[in-house]
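These are the residues of each chain, in order.
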Amino acid sequence: MLVVHGGWYGGRLALWGEDVSQDRSPASRGRAASSGAAPGRHPFAASAAALAAALGAGGSGATGEVPGGEGIGGRGVLGEPGTEGSGGLVATVAAVAARAEAAEATIRLPGSASRPLPSPESGLTGSVRGPRISTWAVPVLLLRPDAALALLEALPQPGEEDSGTAPGPQEAPGDGGGTSGDEPGASGDAEEASWEPGLSLRYLAVVAEHARSLARRGRILPQLVEEDGDHAARWRPVLIGADAVAFRDLAAAMPPVCRALPGERPAAEVLEEAMEGLVDGAAREALPERLIVGNRPGRKTALADRWLHALTAPDASLPGARPAEAAALGDALRGWSAAAHELDGPVRAWFRLVEPAGEDDPWKVEFGLAPAVTAGRTDDAGGGGAGGSGSGDADEPDHLTAARIRAGERASWLPERPWEVLRAELARAVRLHPDLHGALRDPEPAVMEVDTARAFSFLRGGAPALAAAGYVVRLPEWAGRQGLGLKLTVRATEGRERAGLSDRVDFRLEAAVGGHTIGEEELSRLAGLRVPLARVGGRWVELDDRQLKAALEVVGRRGGGETTLGEMIREIAAGGEGELPLVAVDADGPLGDLLSGEADRRLTPVPTPRALRGTLRPYQGRGLSWLSFLSGLGLGGVLADDMGLGKTVSALSLLLSERERAAGDAEEAPGPTLLVCPMSLIGNWRKEAARFAPSLRVYVHHGGSRRRDDELPAAVRDADLVITTYGTALRDLGALAALRWERVICDEAQAIKNSAARQSRAVRAIPARTRLALTGTPVENRLSELWSIMEFCNPGLLGPARRFRERYQEPIETRRDEDAVAALRRATGPFVLRRLKTDRSIITDLPEKQEMKVWCTLTPEQAELYTAVVNDMMGRIGGSAGIERRGNVLAAMTKLKQICNHPAHLLRDGSRLAGRSGKLARLEELAGEILAEGDSALVFTQYAEFGALLRPYLAARLDRPVLWLHGGLSRSRREELVERFQRGDEPTLFLLSLKAAGTGLNLTAASHVIHVDRWWNPAVEDQATDRAFRIGQTRNVQVRKFICVDTLEERIDEMIERKRSLAESVVGTGEDWISELSTDQLRELFRLGPGAVS
Amino acid sequence: MASAEPFSEFGESGEPASAFYSPGVPLDRLRPQPAAAAPSDLLLRMLEPPAVRVRHIPLVDLLRKPYRELGSPDR
Chain A
70 MLVVHGGWYG GRLALWGEDV SQDRSPASRG RAASSGAAPG RHPFAASAAA LAAALGAGGS
130 GATGEVPGGE GIGGRGVLGE PGTEGSGGLV ATVAAVAARA EAAEATIRLP GSASRPLPSP
190 ESGLTGSVRG PRISTWAVPV LLLRPDAALA LLEALPQPGE EDSGTAPGPQ EAPGDGGGTS
250 GDEPGASGDA EEASWEPGLS LRYLAVVAEH ARSLARRGRI LPQLVEEDGD HAARWRPVLI
310 GADAVAFRDL AAAMPPVCRA LPGERPAAEV LEEAMEGLVD GAAREALPER LIVGNRPGRK
370 TALADRWLHA LTAPDASLPG ARPAEAAALG DALRGWSAAA HELDGPVRAW FRLVEPAGED
430 DPWKVEFGLA PAVTAGRTDD AGGGGAGGSG SGDADEPDHL TAARIRAGER ASWLPERPWE
490 VLRAELARAV RLHPDLHGAL RDPEPAVMEV DTARAFSFLR GGAPALAAAG YVVRLPEWAG
550 RQGLGLKLTV RATEGRERAG LSDRVDFRLE AAVGGHTIGE EELSRLAGLR VPLARVGGRW
610 VELDDRQLKA ALEVVGRRGG GETTLGEMIR EIAAGGEGEL PLVAVDADGP LGDLLSGEAD
670 RRLTPVPTPR ALRGTLRPYQ GRGLSWLSFL SGLGLGGVLA DDMGLGKTVS ALSLLLSERE
730 RAAGDAEEAP GPTLLVCPMS LIGNWRKEAA RFAPSLRVYV HHGGSRRRDD ELPAAVRDAD
790 LVITTYGTAL RDLGALAALR WERVICDEAQ AIKNSAARQS RAVRAIPART RLALTGTPVE
850 NRLSELWSIM EFCNPGLLGP ARRFRERYQE PIETRRDEDA VAALRRATGP FVLRRLKTDR
910 SIITDLPEKQ EMKVWCTLTP EQAELYTAVV NDMMGRIGGS AGIERRGNVL AAMTKLKQIC
970 NHPAHLLRDG SRLAGRSGKL ARLEELAGEI LAEGDSALVF TQYAEFGALL RPYLAARLDR
1030 PVLWLHGGLS RSRREELVER FQRGDEPTLF LLSLKAAGTG LNLTAASHVI HVDRWWNPAV
1090 EDQATDRAFR IGQTRNVQVR KFICVDTLEE RIDEMIERKR SLAESVVGTG EDWISELSTD
1150 QLRELFRLGP GAVS
Chain B
3 MASAEPFSEF GESGEPASAF YSPGVPLDRL RPQPAAAAPS DLLLRMLEPP AVRVRHIPLV
63 DLLRKPYREL GSPDR
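Going down the list, the protein sequences come from chains A and B.
Be aware that the first sequence starts at 70, since it is given in my numbering, and climbs by one per residue.
Be aware that the second sequence starts at 3, since it is given in my numbering, and climbs by one per residue.
Isolated chain B, as found in the complex (with noise of 0.2 Å):
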């Protein structure tokens, strides 16, 4: 069944009742495929910062150490 679909249209195409209960398609094909390794800041550095500061401080200026500490294998 399609995950658009009504369920009031559920069993009007005869399916089993397993497909309520399934995924549409084997779960290994949803799986993350591993990214190609990139910075884990680059969407800091990719956009204009945001007019925010916190005690003076530009938000992003704050931020971007613990983004580039995100991919790192210890977290």
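One chain only, chain A, in its complex shape (with noise of 0.2 Å):
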């Protein structure tokens, strides 16, 4: 497996990587450049052909190994992609890594003279006491913007998988690619994980998606460049106002190692050629045409002409170009770039509209100034005093009026003559609104009265285009507010026992704005207006003259009638029709229940299920009660609620209840339902179903013993519940998708974020009368991952995703409109259901020390070592008496516990930590979700070696900060590190060696702990989950203590449970009573039992 690196040099992207197999320490030793000399050979640097072959482009033709020198050595043209992989990620990559040049650079990395660190991504160890940093030889691949372009954005997101398709590390170990191919007897689909994006290569894909922002906006010029002793037509970026700051953001955040090739350069330089290359490539792409049309410019053609072409022609270049000509066309292109910097001054102009005071009063616009730093945004008119902090000190002004100017009022950013400045501002804002020009007659300019409709059209044309241009506007804060939409009452029409989708229900349609309906008179009235900016219901609404002859339409044809249920949730749920949005809903009945927003609430509470072992609390009686509810109806849902409060307990309810409902009726019991979810869970849900619901007839369909062809109906026959992964769903879809399946349940639902991933499409293609989808964050990143989820849960309901996205996703992601955002909650609240562990009621439901058992299971690779150490282990044992075997035995638990975390835990090779553990993948996934929820946990190991390699490790996946706390810091740093996570500036993942940090530290800010291995002594783990849990508490804490099923782990567990008070007392001094048991009792402690492989 490769870690793959990303820098810029001479104008491209240039990659590198480690390549985690050939690191053996101390074995893969080089020797780095000493002062003078030729730098040595990077110890566990892939290989140019390597790096291409992982990357799918073949390697054939790479010249590899070339030597080194200063800089960039030899290069040489890379083969034809590898025929390995198709579609996605694969494709895009190998065909990008087919245009790359193989070349070998210089690179300063930290290390000792012998070998560099390690990066955190490769999962290696290496430590050095004073690292230094010394100049090594690598080769690299070699890639031109518009190519680097294509590998950036293919690149997956942390913690995005595209199953089958995406590097490795992605997936969940053994999961779907197959990475520790925990599968041996699957079909051959699963892929080998050959490289992972370093953080640098990550962080390069960020400046791309800036690079690309910056095109679409056009915020770019062309110009003409030198390059290589030529001239050259080039695209550069305009970086004024806020992407000036995220620029400077970008540079301040680069990782050291992006400028660390071909030797030390400052972070400013390598970003502006990194971002003018990207920038110059996506302008290309995104301009395929030629300019101007007519003949090809020969090259005694006018140097312009030739420059307009090589604008978008693939060969940018301009041989031959007559100087003068040149230094005229260059001097009036760089006037023009310096022009539009100069737009980014330190002080702007400050627009605000103000609505009319009386009925025949004027629309005013009033001038004024304001610091840049809050420039660049429309706002309401809120106060419209002093206020704000643009300059940072509190009791500065954030704008000034130009009132408030004449009237001597200042502050420390106002510029020494400020009417000249705000003129200047104003003769410039004239080329975006026109209409502003009257103002500038005025030495002095405040205030332009205008009629209402410049006011409509300073309100639609120019406020949007000056505040895009860095002005700052203020808007009334109905403006850009939805307007005309539609009302849709419902009213149920008959009482029933329970509901169904084909009841008829009576309904009524009417134009509104807001709460305010519109009869068809006034819509003839406002149709007919000159101006459509309009008083209506006592508030000013923009009209759009579309909406106002869509609304005639609609109301016309289809004012009200009868229809059924189903019909009515498909309305809301598709938010409106046509130009109109549905902007209020009345409705009573079962659907007024589930539009409430407290549907678990108003919803004919369902008992608790008799076969439930286990007591479920308030808000989990009320979360069945709206699981059956919908699906009675047939319909599908989102179970959103926060982690740790009860997801699993809930969906097993549901299987449970409808199964004593149907009760001995074979005509109404259900089918079975099949259950998706991310390979680290199975153990869990195996677990949790024997527990709470042993009723239950569980089949796992995973693994190389999984039923196939004749086999495989009957098994599903026989079972309630068929619990299955992602990657098996993907591989078995044929199979699976041929039975008939009450309900599918995706588990971890954020795995189906990305609608045009094939795992996604995979769940979606298994019928099943209703879908349910469980997940602590529907929404991480963007919206779409709703849509995709909800696409899952009730096909078709949100409309199409092109839909979705423009009356959703952009008025709430670009303009946090919210209006959109009501919207959006009216048409997917009746399928959402979303608790927090912060909700009131849900407080009082909850004890204030949550203690759950979190189960894991062994990857194949952890499996074969823990029975070879078995094996190994008990020889000894039973060969051995007293003080020896005491010390085999617990030689033997420390050996296996080890196993259970990690191999590279055991082994202590410096191998690589992805995919190899089921404990590592679930600790993964669960600091994801709590950190995601804004929470912080501390995770208590009792090896401080393990916590070692989890730090970097975490750190680098995680993409937040993780401290590691070990015996062997100092009391200060102990100090700073308790400080620094106390302080709760960002949620934070603290590892704690249990022996160092188990008692005396207060650690309150955090919300969640986890024994990642146990001591086996309650008391132990109790004082050290009491760091959490203490005084200065003011929130639940959530318990979490990880256990490997059917292994010594689970065994001591349930020991413990069993005899809890005798342990108590025995096990008190450790895990010393475990070497008094016999070799017997031993050999049925360490045994490895058939469920602790998924």
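No wet-lab data here; the hints were simulated from the structure.
Wrong hints could be hidden among the right ones.
As the list claims (entries may be wrong) - Taking CB as the label site, the calculated pair distances span:
hint	chain 1	residue 1	chain 2	residue 2	range
1	B	P60	A	E341	24 to 32 Å
2	B	P8	A	R909	15 to 23 Å
3	A	R871	B	P60	32 to 40 Å
4	A	N364	B	S10	56 to 64 Å
5	B	P8	A	G1037	25 to 33 Å
6	A	S774	B	P8	51 to 59 Å
7	A	R486	B	S10	42 to 50 Å
8	B	S10	A	A107	19 to 27 Å
9	A	D299	B	P8	33 to 41 Å
10	B	P60	A	T586	50 to 58 Å
11	B	P8	A	E518	58 to 66 Å
12	A	D655	B	P60	56 to 64 Å
13	A	A160	B	P60	41 to 49 Å
14	A	R871	B	P8	49 to 57 Å
Stated by the list, open to error - Examples of chain A residues toward chain B, derived with CB under 8 Å:
hint	residue
15	L268
16	E278
17	A321
18	P324
19	A401
20	R500
Cβ coordinates follow ideal geometry from the N, Cα and C atoms, glycine included.
Reconstruct the complex from the two isolated chains, following the hints.
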């Protein structure tokens, strides 16, 4: 496996890789360059051919080993793309990598003289006391900006997987991508994970996102530049306003390794070079056609003509340009660019549109000045006076109106000659909104009176353009809000015991502005207005001619009547008709219950199933009612409760409840439910089903021994719950889709947030009567994720993705449009139940300290090691006595616990961490979820060496701070870490050694505690837990204890649970009591059961 | 490690090797923020056009339409 890093050099993206398999320290050692000497070879850098092969470009043509020198060495073109992989990321990367050139470069890295320190993504271990920076030679692949853009855009986001095509580490271990080969008998579509992008490459992907955004927004200008002694036509970014701030932030955050190639360079220089190259590539991609038609210019054609042609041509160079001509063109274009950057002054004009005070009063546009830091946004007029902090000083006004400037008010940011600045700003603003021209007649312009038509013109045309240009624009609070829409009123015709989608309902559809309905007569009057800005229902509204016509047509065509409940639900989810959004719904009966936002409270309660071994908390009981109600209607839903609130037990209760309702009636008996989850959760589902719902017949469809062909339908027929993974669902799609399912459940449904990913398409393709998604984070980054999950639950209900994007996603993500937020909530509300652990009603239902067991499975590699150690150690234990036997027992326990943690923990070989441990996969998922919820967590391990392995790995994978407190730290360093954690600046993971941090510390910033391995001494674990659960803690604390199923971890846990009182006295001394067990008891204790591996 | 810091100072404040390979802040914070809708030819409209003509046509006139299309979803 390779970890691929990125840098920018010589106008190209430079890729280099660490080959994890090459590093077997201490053998893998090189020798860095001493002063003046040629640099030594990076001991575990991938060859160019290996890099190209991993990326899918074949590599037969790679020159690979080119002698190093300063900077980039010799080059060679790679071969054609390899044949492995097709479609998605693999195909994109392969196509891109085939266009790369192989070379060798020097790089500056920290480490010792014999070995650079490995990156955290590599999972390799290595530490050096006082690392020094040395120069190493590394093979690189060089990509031109267009190819670089394609590669960087194709990289998956952290945590995102495109099963079967994405690089392996995005997969759960052994799931889908087959990173650990968990299914030896699986058909051959499990691909070997060959590379993963390092953080430096992911960083450059973010730079590429900015480059595309600049091109898309037209924040670019064409220039004539000099390249390699010739002239060339290039697109260059214009970084002003927020883009300039973003550039500074990007430079400040650049990973040092990005600027280490081919030697140490300033971050801003590297970023500028990368941004320029990527912007040029993005602009050419966006402008594939010639900018002027006619004959293609020849060498003798005027330079401007050739230059314009070269701006969209594959070859940007302009050889043989006459110097005088080049100087004239270059000067004109540079002046243009300089003028653009002059727009980014420290003080900008400020505009406010003020609505008429009385009926006969005019509209006004007020002028003023504001410091640039607050520029570039429209805002409501609220307050309008001094306030905020433009300059960082709380006493400073964030703007001054011209009237206040005239009255003598001043601010530190106000220029010496404010009127000159304001007039210059207005003169530029006139170019964007010519109506402002009149204001320039006044030497001290303060306000301009306008009629309704000009006010509307300012509202619709001027304000957005001025705001986008960096001016501060304030508009009345109603501006930009939803105008005309539809109001739907629904009344149940007949009360019924159980509602169904085919129930008849009466409905009425009316035009409305907010909650104010508009009759047909008023609609006609509004349609006849000359200026589409009017007072309706006491507030100003921007009217749209198309909307008015559409409203007249819709109300006339279908003002009311009778239809079905199902049709109304579809209507509400669709969110309106054509141009007209649904702005209000008034419903009674079951639909009213669903839309109330308190559906779980208003629905008829469903009794807790008798077969449930446990008690449902009140909110879980309400959740069961909601699940039963939706299921009864044949609708899908998203149970999106916060983690730890019991989504698993709620889903199991639903299965039990519907079976009890059928009670012996074969006709009513529900079919099996297919549950799809990440591989790391299979053990947990199996254990939770056995614990809470032992009457359910469970079949786990996963692994090499899973049922195939004719055996599968029989196994499913005999099951109530079939558990499988996303990867297996994808592989066995044909067989699973051919069966009849009562329900498909997707657990950790963020796995299907990308609607185009193969596993999302696969689960959607499995037919079922109803569907359920379980997730604690229905939206992680983009609203499109919610659409994807909803599309699984209720196919087609929210309409096509494009419509969702236009109606909800863009207004909310770009303008934070509150009306669109309300409309989306209305459209999805009936199908999403989300309770937060901070909800007052939930807090009262929860214990202050909630303890849970997290069941993990082993990967095949862990199982193999486990078995080998048991066989070896049982032989030793059997042949020893006394202190020696005792030592052997404790050694066996330690080794087995280390294996349960991770093979690399036992082997201490510095090998990679990703994809080799079920426990680590679960920890990664849980930690990601905790941090995404904005919480912090303590993670205890009793092994300092395991913590040292976890820290860099988790920091890289989670892209969040991970602190590590262990016995090797000085007291002041420990205090510093504790203080940083308690400050709570951002969600943080705090790894702690149980021995070093189990007592004394106050860590109440955490609301989650994870014991990743067990000490099996309840008192010791409780003491550690109490670092978070103590005075000062204001939230409920969730405590999770990780246990590997069917291993010694589960058996010892059972013993403690069975004889807790005895255990507390017996095991109070730690783990020594285990050494007193007989050899037969030990064999049983250590035995690896059949459920250990999934 | 701060981006402006010389490499020679790496390790002096006890930062781990991972700091050399990692961005200074989580990448999510660096991603472009959704921008308010604005015409993509805004820059051309804001600036005094350069004195550049191609085949007697002002450069800005040739660029206006392609710039407007930059912002279209089809691009």
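Against the structure, the hints:
Checked against the hint of 24 to 32 Å, the pair P60 of chain B and E341 of chain A passes, with Cβ atoms roughly 30 Å apart. Roughly 53 Å separates the CB atoms of P8 of chain B and R909 of chain A, a value that falls outside the hinted 15 to 23 Å. One distance hint, 32 to 40 Å for the beta-carbon pair R871 of chain A and P60 of chain B, holds here, with the actual separation near 37 Å. Distance hint check: the CB atoms of N364 of chain A and S10 of chain B are about 57 Å apart, consistent with the given range 56 to 64 Å.
The given range of 25 to 33 Å is respected by P8 of chain B and G1037 of chain A, whose C-beta atoms sit roughly 28 Å from each other. Taking the beta carbon of each, S774 of chain A and P8 of chain B are about 58 Å apart, inside 51 to 59 Å as hinted. At about 47 Å, the beta-carbon gap between R486 of chain A and S10 of chain B stays in the expected band of 42 to 50 Å. Checked against the hint of 19 to 27 Å, the C-beta distance between S10 of chain B and A107 of chain A comes to roughly 21 Å, which is consistent with it.
A beta carbon spacing of about 35 Å between D299 of chain A and P8 of chain B agrees with the range 33 to 41 Å that was offered as a hint. Range check, P60 of chain B to T586 of chain A: about 52 Å between beta-carbon atoms, so the 50 to 58 Å window is met. Between P8 of chain B and E518 of chain A the beta carbon distance is about 59 Å. The supplied range of 58 to 66 Å therefore holds. Separation of D655 of chain A from P60 of chain B is about 57 Å and conforms to the stated range, judged on CB atoms against 56 to 64 Å.
Between A160 of chain A and P60 of chain B the CB atoms are about 43 Å apart, so this pair conforms to the stated range of 41 to 49 Å. Between R871 of chain A and P8 of chain B, the C-beta spacing of about 50 Å keeps the proposed range 49 to 57 Å intact. Nearest Cβ of chain B to the Cβ of L268 of chain A: about 5 Å, under the 8 Å cut. The hint holds. Taken as an interface hint, E278 of chain A checks out: its beta carbon lies about 5 Å from the nearest beta carbon of chain B, inside 8 Å.
With its C-beta approaching chain B no nearer than about 5 Å, A321 of chain A sits inside the 8 Å limit, and its interface hint holds. A least Cβ separation of about 5 Å between P324 of chain A and chain B falls short of the 8 Å threshold, and the interface hint therefore holds. Satisfaction of the interface hint for A401 of chain A is found here, the shortest Cβ-Cβ separation to chain B being roughly 4 Å, below the 8 Å cut-off. This hint holds: R500 of chain A has a C-beta 6 Å from the nearest C-beta of chain B, less than the 8 Å allowed.
In this structure, the one hint that does not hold is number 2.
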